[in-house]
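Throughout, the numbering used here is defined as the position within the sequence shown, counted from one, plus 136.
Keep in mind that a hint or two might mislead.
Below, in silico cross-link-like pairs of lysine-lysine (DSS-like), each with a Cα-Cα straight-line distance of 27 Å or less [unchecked claim]:
1) 211 to 262
2) 280 to 262
3) 268 to 211
4) 283 to 211
5) 310 to 360
Between beta-carbon pairs, the in silico distance windows are [claimed, not checked]:
6) 285 to 324: 50 to 56 Å
7) 380 to 289: 22 to 28 Å
8) 174 to 258: 39 to 45 Å
9) 343 to 285: 32 to 38 Å
10) 236 to 389: 55 to 61 Å
11) 174 to 283: 47 to 53 Å
It should be emphasised that the hints constitute simulated quantities derived from the structure, not laboratory data.
Predicted model only: the values in this text are computed from it and were never measured.
All C-beta atoms in this analysis are idealised placements derived from N, C-alpha and C, irrespective of residue type, glycine included.
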Amino acid sequence: MNTETNNQFALASRKRRIAAYMIDHFAMSFLIVSIAFLALGSDFLNEPDFTTITATMLVVLLPGFVVYFGKDAIKGISIGKWIMGIMVRDEANPEHVPSFGKLLFRNLFLIIWPVEFIVLAASNEKKRLGDKVAKTIVVQNPNKPSKTPRVLALIAIGIVFITFMVLFTGSAMKNSDAYKVAVQNIEQNEKILEETGGITGYGMMPTGSINISNGYGEAQLEIKVLGNNNDVSVGAYLTKQPNGEWELINLSKE
Numbered sequence: 137m138n139t140e141t142n143n144q145f146a147l148a149s150r151k152r153r154i155a156a157y158m159i160d161h162f163a164m165s166f167l168i169v170s171i172a173f174l175a176l177g178s179d180f181l182n183e184p185d186f187t188t189i190t191a192t193m194l195v196v197l198l199p200g201f202v203v204y205f206g207k208d209a210i211k212g213i214s215i216g217k218w219i220m221g222i223m224v225r226d227e228a229n230p231e232h233v234p235s236f237g238k239l240l241f242r243n244l245f246l247i248i249w250p251v252e253f254i255v256l257a258a259s260n261e262k263k264r265l266g267d268k269v270a271k272t273i274v275v276q277n278p279n280k281p282s283k284t285p286r287v288l289a290l291i292a293i294g295i296v297f298i299t300f301m302v303l304f305t306g307s308a309m310k311n312s313d314a315y316k317v318a319v320q321n322i323e324q325n326e327k328i329l330e331e332t333g334g335i336t337g338y339g340m341m342p343t344g345s346i347n348i349s350n351g352y353g354e355a356q357l358e359i360k361v362l363g364n365n366n367d368v369s370v371g372a373y374l375t376k377q378p379n380g381e382w383e384l385i386n387l388s389k390e
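Please model the entire structure based on the sequences and the hints provided.
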């Protein structure tokens with residue numbers, strides 16, 4: 137780059153580049169996983185059909201990887217780079233945005249991200265291996281938005297992630313046969329009925345785990361039971377045999 141261009145497009149710092157990568161990785165991975173979960177449906181915990189799951193995951197993941205590695209396609213700026221105020225440009229002409237093919241090829245090297253970080257840390261030109269091969273540079277964005285909207289965007293990503301995980305995980309748990317069997321037993325338990333003064337509902341998101349392998353199932357659930365007089369937390373342990381129903385093994389107040 138000549139001096140005039142160099143002054144206009146200062147190289148992005150390594151810290152900003154790494155921070156942008158972390159934001160991108162989190163945001164893109166969350167997007168792909170969210171779409172996969174939505175495609176599988178909230179009842180995927182019940183007797184999973186691994187053939188269907190594999191086919192669904194392939195349909196989602198293949199275009200997902202294109203989106204992940206093509207994340208800089210819009211003006212050389214991904215969501216992480218936008219937040220950090222940096223952008224990808226052609227090494228020979230920093231005013232030019234590299235083609236989508238070059239940006240995609242450049243990001244494929246992120247598969248070996250430990251090597252990329254080492255090369256970036258050792259490079260005097262602040263380039264990772266993908267930059268060297270694709271002949272690109274990452275520079276500061278002279279037209280970056282003010283700090284406030286970029287910080288708000290980062291906060292919004294975190295809020296959306298937490299909200300989705302709470303709602304989807306809670307929905308998946310509540311739609312599981314193991315949860316339904318646990319609730320049936322809770323509603324027939326005289327001690328719980330007496331302590332709550334009558335059950336009025338259940339917490340929004342049960343916690344725990346449900347595992348099914350080769351038809352054998354094991355579930356450990358913690359369910360908040362809402363009552364007229366008191367709320368209680370109940371632990372339920374259930375098991376399942378191949379082609380059988382979930383069976384409650386133990387029910388205890390936490």
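Okay, the hints, checked on the actual structure:
{"no.": "1", "hint": "211 to 262", "verdict": "holds, 20 Å"}
{"no.": "2", "hint": "280 to 262", "verdict": "holds, 20 Å"}
{"no.": "3", "hint": "268 to 211", "verdict": "holds, 20 Å"}
{"no.": "4", "hint": "283 to 211", "verdict": "holds, 20 Å"}
{"no.": "5", "hint": "310 to 360", "verdict": "holds, 12 Å"}
{"no.": "6", "hint": "285 to 324: 50 to 56 Å", "verdict": "holds, 54 Å"}
{"no.": "7", "hint": "380 to 289: 22 to 28 Å", "verdict": "violated, 49 Å"}
{"no.": "8", "hint": "174 to 258: 39 to 45 Å", "verdict": "holds, 42 Å"}
{"no.": "9", "hint": "343 to 285: 32 to 38 Å", "verdict": "holds, 35 Å"}
{"no.": "10", "hint": "236 to 389: 55 to 61 Å", "verdict": "holds, 58 Å"}
{"no.": "11", "hint": "174 to 283: 47 to 53 Å", "verdict": "violated, 33 Å"}
Going through the hint list in order, the structure does not satisfy hints 7, 11.
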